[in-house]
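Given only the sequences and the hints, what does the whole structure look like? Please build it.
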Amino acid sequence: MKSRYDNEMELDFLSKSNNEAFARITVAAFAAQLDPTIEELADIKTAVSEAVTNSIIHGYENTEGLVKIKATLLNNVVQIEISDNGKGIEDIELARKPLYTSKGNLERSGMGFTIMESFMDEVEIHSVVGIGTKIIMKKKINKENNKEEIEEEKNALID
Amino acid sequence: MKTKFEEKNNVLYLEITEEIDHHTTEKIRRVMDNEITRFMPRKIVFDFSNVSFMDSAGIGLLIGRYKLIKLLGGAAEIINANKSISKVLEMSGVLKIIPIQKEKKVG
Numbered sequence: 001m002k003s004r005y006d007n008e009m010e011l012d013f014l015s016k017s018n019n020e021a022f023a024r025i026t027v028a029a030f031a032a033q034l035d036p037t038i039e040e041l042a043d044i045k046t047a048v049s050e051a052v053t054n055s056i057i058h059g060y061e062n063t064e065g066l067v068k069i070k071a072t073l074l075n076n077v078v079q080i081e082i083s084d085n086g087k088g089i090e091d092i093e094l095a096r097k098p099l100y101t102s103k104g105n106l107e108r109s110g111m112g113f114t115i116m117e118s119f120m121d122e123v124e125i126h127s128v129v130g131i132g133t134k135i136i137m138k139k140k141i142n143k144e145n146n147k148e149e150i151e152e153e154k155n156a157l158i159d
Numbered sequence: 160m161k162t163k164f165e166e167k168n169n170v171l172y173l174e175i176t177e178e179i180d181h182h183t184t185e186k187i188r189r190v191m192d193n194e195i196t197r198f199m200p201r202k203i204v205f206d207f208s209n210v211s212f213m214d215s216a217g218i219g220l221l222i223g224r225y226k227l228i229k230l231l232g233g234a235a236e237i238i239n240a241n242k243s244i245s246k247v248l249e250m251s252g253v254l255k256i257i258p259i260q261k262e263k264k265v266g
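Chains as they are written, first to last, in my numbering: chain V, 1 to 159; chain G, 160 to 266.
These are computed hints drawn from the structure, not numbers from a lab. Keep in mind that a hint or two might mislead.
[What the hints assert, rightly or not] Below, a list of computed lysine-lysine pairs in the BS3-like style, where the Cα atoms sit at most 27 Å apart:
(1) K226/G to K161/G
(2) K255/G to K154/V
(3) K261/G to K246/G
(4) K97/V to K261/G
(5) K229/G to K103/V
(6) K97/V to K161/G
(7) K255/G to K242/G
(8) K161/G to K134/V
(9) K242/G to K161/G
(10) K103/V to K226/G
(11) K242/G to K138/V
And the structure:
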């Protein structure tokens, strides 16, 4: 098999909330191959955490199902697909709105999609009610700019 | 989580010592609400020194505790938030009601 990507990986796990940390750490470790800055890695972790949490709370509404992640690296772009076979999103435009939450009673902030969209370069939402949801996110890791920043971060750590 | 109540100034320090996501917020929320209702402080200070990660679940957590302390006539502040946590805080607009106190204090 010859992959069209430089590297790719897939991960399936149960929709349990303690997998939120597992998922974001695993994806960050995979994306680390592109030499991102600490800040870029934090952005990726946060976006993954938001999407996985959405699948668990909204997609499966805390029932048991599988959350799937497929991540690929091509040149300096990491693409992350996070999908579930949950209940789907009725109104995607509404769900994207900052501060909108369908679960206000759970102290949810309604910032999930806003964070994904501002921390990643591209975010696509595909959803069919009763079938599931797939989020596709891309982030370009700017290697040239990063050399300086990585040096600065190293120096800061030494200090 | 570590908590410290400063009786002289009536300030409750809430030092979170784990990553904040949907999974961990329930436990953190329970401990914080317990401490807030126990001490009835004039001010709560969220100390982020030992928090390496926070997503939007943390925003919901902070706003919820802010509502509680406001009900008791108090205020809330944040100290020692790292760069990526500050980014999430800034984006959410939560800093308008819970400001970051620049001065570093030990909680």
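List, from low to high, the hint numbers that the structure doesn't satisfy.
-> Numbers 2, 4, 6 and 8, in rising order.
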